[in-house]
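**Student:** As given, the protein sequences belong to chains A and B, one line each in that order.
When the count follows full-length UniProt numbering, it moves up by one through the first sequence with no breaks and lands on 447 for the last residue.
When the count follows full-length UniProt numbering, it moves up by one through the second sequence with no breaks and lands on 447 for the last residue.
Hints were generated in silico from the structure; no laboratory data involved.
Hints are supplied without guarantee of correctness; some may be wrong.
As the list makes no split between identical chains, a pair holds if one copy fits it or if it spans any two.
Only pairs whose alpha carbons sit at most 27 Å apart, straight line, appear in this in silico BS3-like list of lysine-lysine [said to hold, decoys possible]: (1) K11 x K444; (2) K444 x K307; (3) K121 x K348; (4) K221 x K409; (5) K149 x K190.
Here is how the chains run, residue by residue.
2 protein chains.
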Amino acid sequence: MENLNSTEELKISLLSLNEKELSELLEEIHPADILDVLRKEEDVRGEILGRLPHWLVADILEEMDEEEQTEFLELFPELEQYKIFNEMSSDEQADLLSNLEPEEVDRFLDNIDEEDAEEVKELMNYEEDSSGGIMATEFVSIRESMTVKETLNYLQTATIEAETVYYLYVLDEDEILKGILSLRDLVTAKFDTVIRDIMTEQVKSIPVNMDQEEVAQIFEKYGFQAMPVVDEKGEMLGVITFDDIIEVVREEDSEDMYRLGGLNEGEIIDGPAIESVKSRVPWLFINLLTAFLAAATVNLFSSTIDKVVILASFMPIVSGMGGNAGTQTLTLIVRGIALGELTIENAKKVFFKEALTGICNGLCVGLAVATIGYLWAGNPVFGLVIGLAMLLNMSVATMAGYLVPVTLKKLNVDPALASAVFVTTFTDVCGFFFFLGLATMFLKFLT
Amino acid sequence: MENLNSTEELKISLLSLNEKELSELLEEIHPADILDVLRKEEDVRGEILGRLPHWLVADILEEMDEEEQTEFLELFPELEQYKIFNEMSSDEQADLLSNLEPEEVDRFLDNIDEEDAEEVKELMNYEEDSSGGIMATEFVSIRESMTVKETLNYLQTATIEAETVYYLYVLDEDEILKGILSLRDLVTAKFDTVIRDIMTEQVKSIPVNMDQEEVAQIFEKYGFQAMPVVDEKGEMLGVITFDDIIEVVREEDSEDMYRLGGLNEGEIIDGPAIESVKSRVPWLFINLLTAFLAAATVNLFSSTIDKVVILASFMPIVSGMGGNAGTQTLTLIVRGIALGELTIENAKKVFFKEALTGICNGLCVGLAVATIGYLWAGNPVFGLVIGLAMLLNMSVATMAGYLVPVTLKKLNVDPALASAVFVTTFTDVCGFFFFLGLATMFLKFLT
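Using the sequences provided together with the hints, build the complete structure.
**Tutor:** As C-alpha cells, then:
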C-alpha cells in the first residue's frame, strides 16, 4: 500500500507546503490518510485543519463517527462550522445533528440554505437503522427522452455532488422512478442512442422504512453498487451505496457478537474503565440471578452430595459440557437468522437436525464420561448416572440452543440478545437436576 | 422490492415464453432472481437451464458457492459445460476448479482458450483467502496519452468483459500501473482532455499476497468500489471489487463467531446431522478434557466439601460468573483485533482498563454474593469466603479474556480459535481453587 505508513511525511507537507503546492497535494491525497495524521498529531490538529479547504474538511468528517465529528467541528469558529457542515452530504448531516442538542440542531439548520435544511429535517425523521436512515438524498436524475450525448454533456456541465454517479436514475415529472442506467451502459452506448432504449425498467428499489439488516441482505444478493430508495408511490427519495452496506454489515455483526458475549454494542474498546463497568454490571447481575437458580437446584440435593461427595467434582463437567453443546447450536442459529439462512422452509429440518445432533453428541460424550466416572469412582452405577445425565443434558441443550433465539425472534426481540444467558441457565439447571436427581434415585448403589 | 416474491410468475414465463420474448425478459431480469426459481423448482431446473444462454448460466453460477456450481454444471452435457465455464470470470473459474479433482481441472482447462487457461492456472496458485485469491484478472486498461473522446470510443467499441469498468487503469508498456481514472471523472471531463491530466497518480494498490481480512480493512478505510492488485514490480495483476469485500467481511465475521461458539466455519445450518456431529464432537472432547481439569481441582478439596456441603451449591455461581466476565472481555478483544481497533498504541491502555474493569465488577458482584452467602449460610465467614473468591476470580477472568486472544494472535493463530475454551477452563480452575481454597483456610469458622 503506497503512503499508508508515511503519516509523518504527510504531516510535514501539510504544515509546510505553500498554498499552491498544498492544493495540488490535496487533489491527490485521500481524506482517510489526512485523518490518520490528524488523529495521531493532536498538537498540530488545529493548525493543519486551518489550512484545508472546507470541502476537504467535510470529506474528512464523513470518515468519522458522530462523537469525533463534533469534537473536530468544535475546533472551528462558528461561521466556519456552518461552511463545513454545508459541504457534507445530507445523510452525514442528519447523522451528525441527530447526536446534538435541539438548540444546536436549529443553530446549524438556520445557517444552511432552506432547501437543504428541509431535506436534512426529513432524513432525521427516519429510524437510524432503516433504509431512510442510511440513504443519501444526492443522486443524478435524467429523463428517458435524453440521448447519450445529451446525458454526457449534462454530466460534464452540471456540478455533480451526488453520492454516486455510477447509476443514473430516470425519473418522470412526478419524481416517480421509471428506470435506471448504469454509467457503464451509458459510456458503452453510441452517442445518439436514446436513454429510453438502454435504460433498465425492472428497477430493484428499497422501500424507505426497511430495516438496514434486510437492506444489506438485498445488496448481498444482487451485488449492486447502489440502490434507489422509494416511498409507497414509487417516488424516488434517495440512494444507498455499497459503502453504507459494508458499515451496516460490520455494525450488525458486531452487535450480534457483543450481545452473544454479554456486552452492550455501545462499548468502546479503549474507553474509560468506568464506562465498561457501567455497561457490563447489569449483564453480570442478570447472570447472577440465573446462577442462583443453578445454585438452588444443587441445594435441593445437598443431602445426596453430603453422602456422595464425588458428585461435587463432576458437577462442573455436567454444566460445562451442556453449556458448550447449547452454545454451539445457539451460535449457528443466531448467525443463520442474521444471514437469512434460517428460513420458514428449512426451520423444521434444522430443529430436528439439531435435536439429533444433540442426542448423538450426548451419546459420544456420555459414553466417555461414563467410563471415566466408573474408573474414577470405582462404581459402575456412578458411571451410569453421570453418563445418562450427560446424554439428557446435551440433548436438551441443543434444543434450547435452537428454541431460545427462534422464540426471541418470534417476539421481535434480537435473537442474540440474552440468548446466551437463557441457554446456559437452562443447561445448568437441567444438568444439575438430571445428574443429582439420578444420583438420588440410585443413592443406595452409590454409597 | 419489485418481483422478489414473484418466483412463481417468473418460473412460468421462463418455461412458456417463446425465444424472442424470453431473450427480452432475460435482458431485464437479475440472475439472482432466476437462481431463486431454480433452487425452488428442482423438477424443472434442467428444463429452465436448457432455455438460458450460456453467458446467463455463467452469471447465475457466479451467485453460488463451489459445491452448488458443480451440482448445476453436471446438469449439462460436457460440451455445454465448457461453453458455460468459458463465460465465467477468471476468479470464479479458479474458485470452481480449486474444488475439483486434478483430472477434472485439466478437462476444463484443455477446453478453453490457452491464454485464459494460463490466467486461471496462475490464479489457482494464490492462497484462497489472499488478495490474489479473490481478485479478478479482467479490467480495463488505457494509456495516459489517450483523450477522453478516444477513451469513450474505445469503451463503446471494445467488448468489455471486465469485472468493473467503474475505474480505468492507466498502464505503461510494461503493464506497470501509472494511474487510475474513475468513470465518473471520465464522463465529467471535456472530450478533448488528455487522460494524463485527469488521472490520479497517487494510486492505492493492494499487494498480491495480502490477507483478505487486511484487504477488507483497507476497503473500509477508503471506501473504494474497486482496487488494483499489483506485484512487487508494480505490474498490475487484477482487481478486487467491493462485492468481494462484503463476502470477505461476512466470511471473516462468521468464522470468528463460529470459533467463539466452538463450531467449525464449514458447518452448514441445514446440512445432515452426521456432518454436524463429526464437526462438533472434536470441540466437545477438547472441552471435556479441560472440564476434567476443573473436576480435578474440585476433587482436591472434596474433604472440605464433605464437611461444608453448602460449598457445592455455590460452585456454579463462582464458575458461572467468572466465565461471564471472561467472555465479555474475550468478545471485546477478539472483535477489536478483527476490526483493527486493538493496536500496538492502545494495547497497554486496553489491558489495564480491562483489569480495572474486572476488579470493579468483581467488587460489585462479590459484595452482592457475599451478602447473599452470609444470609443463606447464616455465617459471615462464608460470605467473606465466597465474596473474596468472586473478586479474585472475576479479576483474573478479565485478564485471561485479554491475554488469551492477544497471545494467540502473537503466535499467528486466529485469536477466536479455542480462546473460549482456554478462558472458561482458566476461570473454572481458578474460581474453584480460590473458593474452595479459601474455604479450607477458614474451615474452622465454617463448620
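**Student:** Evaluate each hint against the coordinates.
**Tutor:** Hint by hint, here is what the structure shows:
1. Neither within a single protomer nor between protomers do K11 and K444 lie at most 27 Å apart by alpha-carbon distance, with minima of 80 Å and 68 Å respectively.
2. In this assembly of identical chains, the alpha carbons of K444 and K307 lie at most 27 Å apart whether taken from the same copy (10 Å) or from different copies (21 Å).
3. Taking identical chains as interchangeable, the C-alpha atoms of K121 and K348 are never at most 27 Å apart, the minima being 45 Å within one chain and 43 Å between chains.
4. For the identical chains of this complex, K221 and K409 are intra-copy neighbours only, at 22 Å inside a copy versus 33 Å across copies, given an alpha-carbon limit of 27 Å.
5. In this assembly of identical chains, K149 and K190 lie within 27 Å of each other by CA distance both inside one copy and across copies; the values are 8 Å within and 12 Å between.
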